[in-house]
Structure formats: C-alpha cells, structure tokens
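As they're listed, the protein sequences go chains A and B.
Numbering of the first sequence is given in our numbering, commencing with residue 1207 and proceeding in unit increments.
Numbering of the second sequence is given in our numbering, commencing with residue -4 and proceeding in unit increments.
Read the hints as simulated data drawn from the structure, not as lab findings.
If we take Cβ atoms under 7 Å as the criterion, some of the chain A residues that face chain B in the derived model are:
| hint | residue |
| --- | --- |
| 1 | R1299 |
| 2 | I1308 |
| 3 | V1309 |
| 4 | A1310 |
| 5 | G1313 |
| 6 | Y1316 |
| 7 | I1317 |
| 8 | Q1320 |
| 9 | L1324 |
| 10 | F1437 |
| 11 | M1476 |
From the three backbone atoms N, C-alpha and C, an ideal C-beta is built for every residue, glycine too.
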Amino acid sequence: MAFGPFLLLATLEGLLQAAVLTLTALGLSLVFGVMRVVNVAHGEFYMLGAVFAWWVASMFGMHPAVGFFVALIVSPIIVGAIAFASERLILKRLNYDPESTIVATIGMLYIIQQTTLLTYGPDARPVPAPFYYRIQLPWFGYSGYNLFVIVAAIVMLVAVWFVLSRTRLGLIMRATQFDRETAQAFGIPIERVYAFVFAAGAMLAAIAAVLIVPIRQAHYLMGLDPLLLSFIVVILGGLGSLRGTVVAALLIGLSDGIISVFFSPTLAKMISTLLVALVLVFKPEGLFGAKAR
Amino acid sequence: MTASRTMRVIALHVAVLAALFLVQFVLPDYHYLAMTRVMVLAIYAMGYNMLFGYTGLLSLGHAMFFAAGLYGAGMTAYYTDLGVPLAFLIGICCGALLSLIIGLVALRTTGVAFMIVTMMFGQVAYLTITYFTDYTRGEEGLTMPASARNFDFLGLHVDLTNAVLRYNLALALLAITLFVILILVRGPMGRVLIAIRENEPRTLMLGFDTFRTKLGALVVSGTISAMAGAAYGLLFAYIGASFASIQYSIEALLFTLLGGAGTVLGPLLGSILMFYMIDIASEYTAAYLLVTGVALVLLVLFFPKGILGTIRERWLPWLP
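Isolated chain A, as found in the complex:
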C-alpha cells in the first residue's frame, strides 16, 4: 500500500480512537469539573460498560442489532446505578477530600475489576456488531460500523453540550462547578447534583465502551488504557472544559492512531504521556485551570 492510503487508514483509526476517547474523557472531565474528584475508577466503569454489553447481547440471541441497541441503553443504566451507589456509599462520606477520594477510587478500581474477574472470568469475549457493511475504497475496505461509532460519538457530544449549556439541569451543574457554596445558598441540592454527575460521568464511559466493544472485545483488564488516555486528554485540555477535552481527545486520538499504525502502540503511549509532562513543564500550574474553590 502506498503512503497516502496508508495515512488515510491511520487517520480513520485515529478518528475512531478519538471518538471513543472523547466520550470517556468527557465523563472524567465532568466529574472533576463539578465535584473536584479525580475518579481513578473511571476506566473500570468503561470496562463494566463493555462487560454488561456482552451480557445483554448474549441474552438476545435474535439479530445482533437487537442485542446491541438494547445493550446501548441497558448497560449505561446499570453502570450509572453502580456509580451512583458507590458515590453515596463512599465518596460522600469522605466529604470529597481530593486525596481521600483518589485513594478510595483506586480501591473501587480493584473492587470492580476483581469482582468482574470472579464473575465474568478472565476471557476476552466478543460482541457482534449490529450490522456489517463494508465501504470499499480504491485501496482498502473499511468497516461501516467504525464510521457509525464516530457519528454516534459526535451525536452524544452534541447532546452533552446541549444539556450543559441549554437546559436547566446544565445550568445547575455549571453553577455547582462555579461556586459550590453560593449554589447551595440558592437552594441547589448539591449532594444530589454530585451523585447525578458522578453517575453521568460513568455512563458516558459506559456508552463509549458499548460502542467500541464490537471492534475490541470485552475483557476485565480493558479499563486501564482508557483511564490513562483520558487523564492525558483531560490534563491537556483543561479539566471541566468541554471544548478543551474535545480538542485534546482529537489530538491524542489521532496522533495515537497514526503513530500506532506506523510505529508501535507502546511508543504512541510513551509519546503522548511525555507530551503531558512537557505541558506541565512549560505551564507549571498545569492545565488544571483554576484552583478548587
């Protein structure tokens, strides 16, 4: 294959990576933005999304599309419920102290991951794609489902943007993010907002995972990579900033996809991680933005 088509293939892979990454990172960013909680268990919610997708899809034996679209609804709801419960049971009791919540979410990471190992097992299991359509380009064939993932991610992004900037719910979330105490003084039920945001963040990761699981398989250790990449994206883009997250996810997703195709995935990860280090050197306060209020 010539260089041009090869680059096109790499770019398409990168776009796919970027689409999934944007959704996952957005969840992490939302949780940090509003709650000031770094959720190390975020990758495990992603993994749970994929595992529940397999579970739901395997129950609907009819057409793969039925199982898939039911999973796309059911799996995020289950994951959201788990996140909601863990927020009530653990994070709330810690009073959202940054250090304690990091340690607690590390604990949650292990609990979720190992419980999955106990119940779902160590195997990677595939979920059939809802449809097979091959787009034949002059140089190579490309799966139509991959394009569907990219479009679906864009639709989700627009939906999140709409909720955040055009609805009352979004206004409440932004008010909480801007000034927790004043928002509370105005009668906003902060605690309910926090629980909702934590669940919503986990659900975004779960949706991303359901979308990607027909391409990659569901495995109990699949949460680590998206977690680290989301951290990179969120640091580069500035936490809590929707636009920054999207731009950084595109940048990291594309470069990751392209470097992975041309060189090796390990090298791609090393480079993007070091990129974050450079950002922190040249911007000492980090791109973490404003200090916690």
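Knowing the structure of chain A, use the given hints to seat chain B on it.
What follows is chain B alone, placed relative to chain A:
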C-alpha cells in the same frame, strides 16, 4: 525533645530490629523466605512514606523508582561483569538520578496534578521497559546468572542462594534505612517536611525553600525505594516489568496507609500485615487483588490514620 524520649525511641526501634533478628530462628522455611521479601518491600514502603507520610505528597508512580533500582542493578549484573556490589550501587544511583529528574519536573505541580503526573511518569517507565523488550524481556523478565549468585567481596565469599544470608542482608538494609529515616525525620529536615505537609504556603512565608526541601524528600524517597528494588532483584535473582506497573506503586501506598502514614515503623507493620493478607487470599482465589481494593476503601473510610497513626494519637504521642 528530651534525652529520655530519644532513648525511648531508640530502644523501641532496636527492639523491633532485635525481634526481626530473633524470629528467624523459629520461622519455618516458607515464612522465612516470605519475611525476607517482606523486609525488602518494607524498605520500599518506608521510602514511599518519606514522601507521602511526612511531606504529604501522594505519588502514584513510585514503582518507577523501585524499578530503576531493580533494572539498574539487575541489568548491570546480567549484562556486565562489574560484580554484584557495584551493580547494587549502580541501581541506587539510577534511582537517585531518576528521582531528581522526575522531581524537577513533577514538583512543579501540586495536589491532584502531582498524583496524576507521577502516575503518568510511572506508566512511561513501565512502557519503556516493555518497549525495550529485546533487552529486558518485558513481563517475562530476566533471571540472574550464576555469576551474580556467587561472588567474592572484600575477600569474603558471598553465596546469595543461602537463605540465612539473604534474610540477614535484608534485615541489615532494613536497619540502615530505619535509622537513616529516623535521623532525617527527627532532624531539622523532617520538621520542615511536616511543616510543608501541614501548610505549605505558611512554610514558604517563613522563609523555607519548600521546592528544594520537597525535591530533597523526593530524592531521598526515590533513592530508598530504588535501594529496595536493587536489593530485591539481586537477592531473589529476578527482574520483570510487572514490578514497574501501577499496581506496585499502589502497593507502597497501601502498606503505608495500613501501618500508618507519617510513622517510621508504620510501613514495616503495614507490609507484614498486607503481604500475609494477600498471600492468604491468593490461596483461595485468582482475584486476590480484591483484598487490596477492599482494604484501601475501608482504610480511607474508617481508619485514615492507619494502625500506628491511631496508636500515636490515642496512647503514644512520642512515637516518631
């Protein structure tokens, strides 16, 4: 700090070391080896505690320092004929150098950003080891050659396959670490570290160069962790990429939290308890890391000061 209090502190630590020395005469084979490992891991956790417990900086990438010592020493012993003692020193130097570089970069950040940045660097270290898999053999790792097991040092013949020698070497390293840390944290540097932990802007305002002190603490912490890594690789004749994984960084945090962050003996106690808890759990299930998760959540929810931290708060205020 009165003389009698100093005596009491020294007596306590000598007693702990004496107990570890004496226990080797009654331990069965399996636990003999296990305790040797635990002591090396305790050194690692004590290094971690310098940064987390005393300075209040939560690092999630300390495995990279352990791995720097492990690979610095292990690769030297494997690929060169410089000899084991020199390899051990090289391992420590690798850790010191790495912690200096990481410190200069990572300490520009504070709070949450510091935790994430150290985690990222730890991951880069892990990826680097797996990337150069031709030399490191990645996850599979390297087993030390016979020349690194038997060697002559200062006219003495050292046989590292000898379990008794290994136990006592580990104990000696633990003793050295214990007293170095004790002297550091009870001295002027330790007080500045604690001041930084409690209120960094105020410490800065009082005229202390907090960046330098934090850098110093990170280098001491990283170097001690690297020494543990170097000792681990050489004593047990194996180096592998899994020692650089995030999980290993979290283990140091867990050991420290359980025993009591900011207490000299806490990491040792935490290492012993946690090692055996995981060991027992792994007999029953492949998902033994569940213990790690549950322990972390329970500790942070109900027992944030750890065992010795709570004891110090309630009964023994003089505990260092």
